[in-house]
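Asker: All chains, full assembly: derive it from the sequences and hints.
Letter by letter, the chains look like this.
Protein chains: 4
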Amino acid sequence: MAPTIRTIGISNGGGDCPGLNAVIRGAVRASILGHGWRVVGINDGFDGLIWTDRTVPLTVESIAGILPRGGTILGTTNRGNPFRYEIEENGKKVIHDYSLICLENMRKLELDAMIAIGGDGTLTIARDLGKLGIPIVGVPKTIDNDLSATEVTFGFDTALHVATDAIDRLHTTAESHGRVMVIEVMGRDAGWIALHSGIAGGADVILLPEIPFTIETVCEYLRKRAATGKKFSMVVVAEGVKLPPLDPFGKPFPAPRPGQVGFLIGDAIHTLLKKDVRVTVLGHIQRGGSPSPFDRILATRFGVEAVELIARGEFGRMVCLRAGEIESVSLDEAVGETRLVDPQGSLVRTARAIGMNFGDYA
Amino acid sequence: MAPTIRTIGISNGGGDCPGLNAVIRGAVRASILGHGWRVVGINDGFDGLIWTDRTVPLTVESIAGILPRGGTILGTTNRGNPFRYEIEENGKKVIHDYSLICLENMRKLELDAMIAIGGDGTLTIARDLGKLGIPIVGVPKTIDNDLSATEVTFGFDTALHVATDAIDRLHTTAESHGRVMVIEVMGRDAGWIALHSGIAGGADVILLPEIPFTIETVCEYLRKRAATGKKFSMVVVAEGVKLPPLDPFGKPFPAPRPGQVGFLIGDAIHTLLKKDVRVTVLGHIQRGGSPSPFDRILATRFGVEAVELIARGEFGRMVCLRAGEIESVSLDEAVGETRLVDPQGSLVRTARAIGMNFGDYA
Amino acid sequence: MAPTIRTIGISNGGGDCPGLNAVIRGAVRASILGHGWRVVGINDGFDGLIWTDRTVPLTVESIAGILPRGGTILGTTNRGNPFRYEIEENGKKVIHDYSLICLENMRKLELDAMIAIGGDGTLTIARDLGKLGIPIVGVPKTIDNDLSATEVTFGFDTALHVATDAIDRLHTTAESHGRVMVIEVMGRDAGWIALHSGIAGGADVILLPEIPFTIETVCEYLRKRAATGKKFSMVVVAEGVKLPPLDPFGKPFPAPRPGQVGFLIGDAIHTLLKKDVRVTVLGHIQRGGSPSPFDRILATRFGVEAVELIARGEFGRMVCLRAGEIESVSLDEAVGETRLVDPQGSLVRTARAIGMNFGDYA
Amino acid sequence: MAPTIRTIGISNGGGDCPGLNAVIRGAVRASILGHGWRVVGINDGFDGLIWTDRTVPLTVESIAGILPRGGTILGTTNRGNPFRYEIEENGKKVIHDYSLICLENMRKLELDAMIAIGGDGTLTIARDLGKLGIPIVGVPKTIDNDLSATEVTFGFDTALHVATDAIDRLHTTAESHGRVMVIEVMGRDAGWIALHSGIAGGADVILLPEIPFTIETVCEYLRKRAATGKKFSMVVVAEGVKLPPLDPFGKPFPAPRPGQVGFLIGDAIHTLLKKDVRVTVLGHIQRGGSPSPFDRILATRFGVEAVELIARGEFGRMVCLRAGEIESVSLDEAVGETRLVDPQGSLVRTARAIGMNFGDYA
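Residue numbers (this note's numbering), protein chains in the order written: chain L, 1 to 362; chain W, 1 to 362; chain Z, 1 to 362; chain G, 1 to 362.
A portion of the hints provided could be inaccurate.
Heads up, the list lumps identical chains together, so a pair's fine if it works in one copy or across two of them.
What the hints assert, rightly or not - Taking lysine-lysine pairs in the DSS-like style, the calculated list, with each CA pair at most 25 Å apart, reads:
no., residue 1, residue 2
1, K231, K242
2, K231, K108
3, K231, K275
4, K275, K251
5, K92, K251
6, K275, K230
7, K275, K242
8, K108, K242
9, K131, K224
10, K93, K108
11, K275, K92
12, K274, K131
13, K93, K242
14, K224, K275
15, K230, K108
16, K274, K251
17, K242, K92
18, K274, K224
19, K131, K230
20, K131, K108
21, K108, K92
22, K131, K93
23, K93, K231
24, K274, K242
Derived from the structure by calculation, the hints contain no laboratory data.
Answerer: This is how it looks when you write it as structure tokens:
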């Protein structure tokens with residue numbers, strides 16, 4: 001039976017992602033206009049449930065104009081997990097379980113249900129808070145698009161725009177100079193952004209965490225390209241690629257710091273090919289800016305569906321997209337399952353069919 | 001059994017659509033690099049099969065750089081249907097059946113198979129040429145996204161970007177002026193662009209060909225909005241909406257010329273509301289410009305799959321997207337089936353849930 | 001001698017213009033961080049000085065994030081001129097002089113000086129209030145770029161981006177169809193946007209308020225173009241062009257409503273040329289959206305200089321740009337002087353040199 | 001007296017720059033349509049004058065559509081200076097003077113005059129070839145905008161767009177995370193892009209080659225910002241900044257490789273502030289893509305004026321922009337003069353007025 005809801009809370013945790021504001025707007029408008037509920041914004045992720053002074057009322061008026069804006073109107077900088085909250089006491093780190101405080105604060109704040117927007121970490125906590133009795137639903141957020149329970153998440157399409165636009169721009173420059181251009185894009189565990197932007201941008205080589213490669217194979221391919229008169233080459237690298245064990249000098253590659261894997265690969269290519277190599281590191285600009293139409297629509301649908309899950313009393317579930325339809329899945333099933341690029345999948349095959357190289361011997 | 005292919009032809013017909021070049025590039029590269037075929041570009045749609053002097057060899061080199069470009073490198077301006085080709089002879093229109101000439105010219109041009117990219121009209125001809133014995137496969141092209149055999153076609157996402165960007169810009173202006181802004185977007189039979197861009201842009205009213213509306217209902221809603229302190233309103237109109245029978249003066253609406261339906265609706269709102277109304281007609285700018293990453297990837301996959309259909313000898317079929325996967329469907333099934341917005345569908349329901357109005361009494 | 005300033009007010013009046021927020025931000029930060037003043041935002045243009053309940057404190061915190069945003073954080077919808085303020089009393093229009101009330105309210109609000117951002121109308125009022133004793137400085141705002149006292153104003157470059165992007169998109173579509181594309185851009189008295197976007201977009205014909213033209217001359221040029229194999233043509237029309245006295249049927253053109261002059265010209269071309277013509281009306285999308293870098297920098301410099309004028313006690317002046325430097329000019333000199341396109345000027349000559357046509361017999 | 005011109009050549013040398021195609025288009029159209037000349041494109045900079053097989057005829061038709069395109073249709077990859085041309089003979093580098101060959105090839109190619117588009121190096125060679133008797137005029141090209149003879153060059157505005165857009169995107173991300181964001185932009189000798197994009201993007205700290213700074217001063221400023229509740233900071237770094245002698249550990253900074261100065265500064269800030277720092281290196285994406293309207297217009301005017309210089313027989317000169325007007329200057333005066341940011345200039349003062357920091361003790 002559907003519960004009686006008067007007020008719900010919304011929080012978001014983890015990294016920035018274009019579309020967060022669209023989720024919030026969708027949920028707020030559906031709650032207020034569709035159900036007559038009140039909505040409370042919880043700042044700083046789950047930290048906002050450990051203390052009670054971090055809330056802000058969300059109304060149709062207060063959220064006006066946020067749809068096209070990047071970032072989020074709610075603070076996301078949670079320090080940690082309420083079940084294992086680290087604080088410093090007398091110079092020592094102590095771990096507290098604040099989960100029951102969250103439960104109590106929900107009552108103090110008169111929240112009848114919660115919507116938690118976040119990545120795998122946030123959703124795991126949401127699941128556990130749900131088991132403790134908090135009526136909670138989840139909205140998936142991962143710019144890398146690597147959550148297996150949903151076909152696609154908001155933010156990914158916008159990131160793809162930024163990365164593809166950058167590859168387009170590098171192309172016009174590379175053409176007139178006969179250079180190898182290396183561009184490092186996001187993708188810690190999964191290479192979706194590299195694969196999609198590589199195809200959309202017409203890259204020559206795409207290096208993914210999912211496909212082991214060697215610098216030698218990459219260079220062999222680039223040499224062949226040069227032999228057919230192509231003056232330049234474009235190499236897209238996911239930040240999370242696994243470097244081969246040894247660099248071209250036979251020495252181990254250093255463990256790359258953030259933003260440096262593109263430089264290490266660029267150096268190695270330069271060493272082997274004796275060609276001018278330039279490196280671009282897109283970094284966080286892929287996370288910012290106005291969400292694309294696709295991301296706004298998906299995020300709005302997610303926000304509305306999260307409200308409907310609450311209205312139907314289907315707690316402990318996460319909204320998701322499957323075959324173009326908005327559905328839901330239990331948080332238990334959803335968390336911990338990473339969606340990786342399938343090296344034999346249709347998109348990689350399409351890329352190979354048009355002559356792209358993945359640095360492997362396929 | 002798969003046929004022996006040495007050379008294929010590619011043509012595109014009908015209106016412009018961002019992604020056409022990406023289809024051509026995908027097909028050319030997959031043919032040459034994957035199968036060792038030659039590829040011939042046929043200009044001017046099927047007209048290019050009626051004469052033999054309109055072809056251009058397509059090579060990996062000749063298509064370099066076309067991926068990000070709008071428009072198409074092949075002429076699309078076909079005059080008509082080879083089965084019923086209208087020409088003027090001695091000042092009179094005469095209709096000829098040139099279909100067998102197409103068949104003969106394919107032999108002269110040594111084409112073993114054809115890829116035809118186009119909308120419903122082009123694909124119907126492709127089907128009929130296929131029945132005549134031409135080994136042909138189709139790639140769907142409709143910027144309105146109204147072909148039922150495929151979930152989505154390339155070009156639609158780019159059109160959505162243009163329309164949403166325009167709505168975003170109108171928003172900042174409308175806010176500071178307390179105006180009603182009317183924006184007319186594409187969509188002759190189906191309101192997909194209006195519906196998607198309306199949700200993505202945060203419109204207040206969306207008028208679609210699929211949902212009958214009255215100006216009075218629209219104005220009633222705009223009045224309510226104004227009563228809650230909203231100074232401005234945004235009305236998105238699909239070019240193909242069916243105007244109500246009578247205008248606010250009780251006179252029949254004139255039959256709108258292209259680009260005028262937005263003005264007629266704007267005038268009627270102005271008459272009833274006595275409010276300043278401004279009209280923007282996006283027109284063909286929605287068809288132009290560099291395709292979005294989504295459209296480039298989809299178009300590339302379509303181009304590659306069309307080649308694979310030929311390689312497998314599966315003629316008379318059209319590539320399509322279903323549940324995120326590239327598949328194919330027989331041209332017989334594909335043509336003539338328009339995909340309309342379902343007034344009870346989940347996207348319309350989402351829009352209503354966040355308070356959008358469709359000018360009906362729902 | 002420089003006055004003692006503790007608090008200043010800022011208002012903006014008239015139409016929307018990208019960069020307004022950048023002016024406000026520049027003025028607020030320079031006032032607070034540079035001079036230690038307080039700043040008060042006055043909503044609704046000079047209406048905000050007739051009543052005292054329309055102010056909002058502006059602080060470094062409250063304006064955070066407004067730099068890239070279109071529109072303005074201050075209301076602009078002033079109803080009129082404080083010197084001749086029209087109100088309805090008992091169903092009749094009565095005109096009041098509220099200028100002394102403005103003076104009094106400045107004292108009540110403890111404002112030591114005012115910055116007024118606006119077009120010719122707003123600046124004329126500012127000048128007159130200045131003569132009444134209000135310490136006021138002006139910042140010019142005209143998206144049409146038609147104020148003679150400043151070489152360029154903010155907003156113009158952004159409008160140019162929107163118009164040029166639209167022309168680019170129409171080009172890719174026009175190319176594949178052999179059509180005449182007509183695009184109507186802003187420019188009521190002066191054709192700067194049409195001239196600049198026409199050159200930037202590579203238009204074939206540019207029609208300006210400053211250069212009389214005939215449809216026949218335009219068509220003659222388009223016919224010549226077609227004769228040299230050019231399949232399409234692009235005609236950019238300023239909304240404020242003066243239509244020739246008679247249409248191609250020898251009947252007078254109707255007085256065009258806003259957004260209709262492009263259609264009238266398109267129809268006339270169609271009548272004479274018997275060619276497919278498509279019309280796009282950009283309308284207010286040229287006024288919206290995030291300001292370009294150029295506009296943000298110029299607007300910031302204007303806002304800072306307005307503060308410096310106040311600090312130096314130079315009232316009754318307007319900031320302006322001359323030869324790339326920020327200067328100031330007396331409001332007396334600045335108002336009422338429209339900057340028109342010089343038909344013999346270097347930009348028009350450049351356009352003619354590369355073969356563009358202005359519909360005249362030059 | 002003006003010379004008789006029948007044919008001119010055009011070449012471009014050095015790095016890529018948005019607007020090169022617009023210069024070429026402007027010059028070609030003005031030559032052909034205005035003067036009836038023939039135009040020959042010379043590939044590979046001055047290398048194209050040392051050999052005679054690198055030319056391409058340029059016609060109104062062959063350049064159609066290049067206006068909005070980044071890059072250049074002419075090869076720019078010249079290997080060197082015709083006066084001191086390095087080639088390998090028998091494994092040794094030998095230097096030849098090929099300048100007289102250039103003169104002779106001009107005659108063989110029947111070129112009556114040359115337009116050379118390029119940076120300081122290219123223009124110096126152009127000057128010297130001019131002294132040898134080649135009728136040559138120059139068009140300045142420097143994306144860093146650091147040539148003193150012209151107020152601004154094409155390409156700079158487009159680069160500014162890319163850099164500002166990136167800063168905007170980083171802002172939305174930085175806001176939600178409390179991070180220090182470092183973004184490295186172009187500017188080897190002069191910090192114009194960093195200064196302009198820093199102001200346009202609302203940066204907190206701007207580090208320029210022209211203003212010596214210390215990491216300690218930067219961190220002091222960032223600490224003060226944090227103390228007033230600002231959770232994040234944005235640091236824009238020109239690639240050519242001079243690093244302070246010692247890093248925070250008192251050790252000398254290593255000599256930065258291209259694309260690494262931002263990382264060195266980011267590391268030093270992290271060391272001192274113990275705050276999360278993220279680095280973005282824009283690199284060559286600032287040089288690519290479609291030129292902005294401003295750049296297209298300026299480039300077109302430059303191309304047309306170069307033709308007019310030739311028509312008037314004013315050789316040995318370079319086109320330039322002064323106070324908004326297209327003028328010319330002798331190549332002798334133009335070359336070798338770098339335009340640096342004036343640390344006391346009005347733009348730096350504006351930046352300081354709104355609270356920006358340059359890492360110095362000003």
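Asker: Each hint should be assessed against the structure and marked as holding or not.
Answerer: Verification of the supplied hints:
no., hint, result
1, K231 / K242, "neither (28 Å within a copy, 33 Å between copies)"
2, K231 / K108, "neither (67 Å within a copy, 29 Å between copies)"
3, K231 / K275, "within (11 Å within a copy, 42 Å between copies)"
4, K275 / K251, "within (21 Å within a copy, 32 Å between copies)"
5, K92 / K251, "neither (40 Å within a copy, 32 Å between copies)"
6, K275 / K230, "within (13 Å within a copy, 43 Å between copies)"
7, K275 / K242, "within (23 Å within a copy, 27 Å between copies)"
8, K108 / K242, "neither (48 Å within a copy, 53 Å between copies)"
9, K131 / K224, "neither (58 Å within a copy, 43 Å between copies)"
10, K93 / K108, "neither (29 Å within a copy, 56 Å between copies)"
11, K275 / K92, "between (52 Å within a copy, 20 Å between copies)"
12, K274 / K131, "neither (59 Å within a copy, 37 Å between copies)"
13, K93 / K242, "neither (33 Å within a copy, 41 Å between copies)"
14, K224 / K275, "within (14 Å within a copy, 45 Å between copies)"
15, K230 / K108, "neither (67 Å within a copy, 30 Å between copies)"
16, K274 / K251, "within (18 Å within a copy, 32 Å between copies)"
17, K242 / K92, "neither (36 Å within a copy, 41 Å between copies)"
18, K274 / K224, "within (15 Å within a copy, 47 Å between copies)"
19, K131 / K230, "neither (59 Å within a copy, 37 Å between copies)"
20, K131 / K108, "within (20 Å within a copy, 60 Å between copies)"
21, K108 / K92, "neither (31 Å within a copy, 57 Å between copies)"
22, K131 / K93, "neither (27 Å within a copy, 68 Å between copies)"
23, K93 / K231, "between (56 Å within a copy, 24 Å between copies)"
24, K274 / K242, "within (23 Å within a copy, 28 Å between copies)"
Of the hints listed earlier, those the structure fails to meet are numbers 1, 2, 5, 8, 9, 10, 12, 13, 15, 17, 19, 21 and 22, in rising order.
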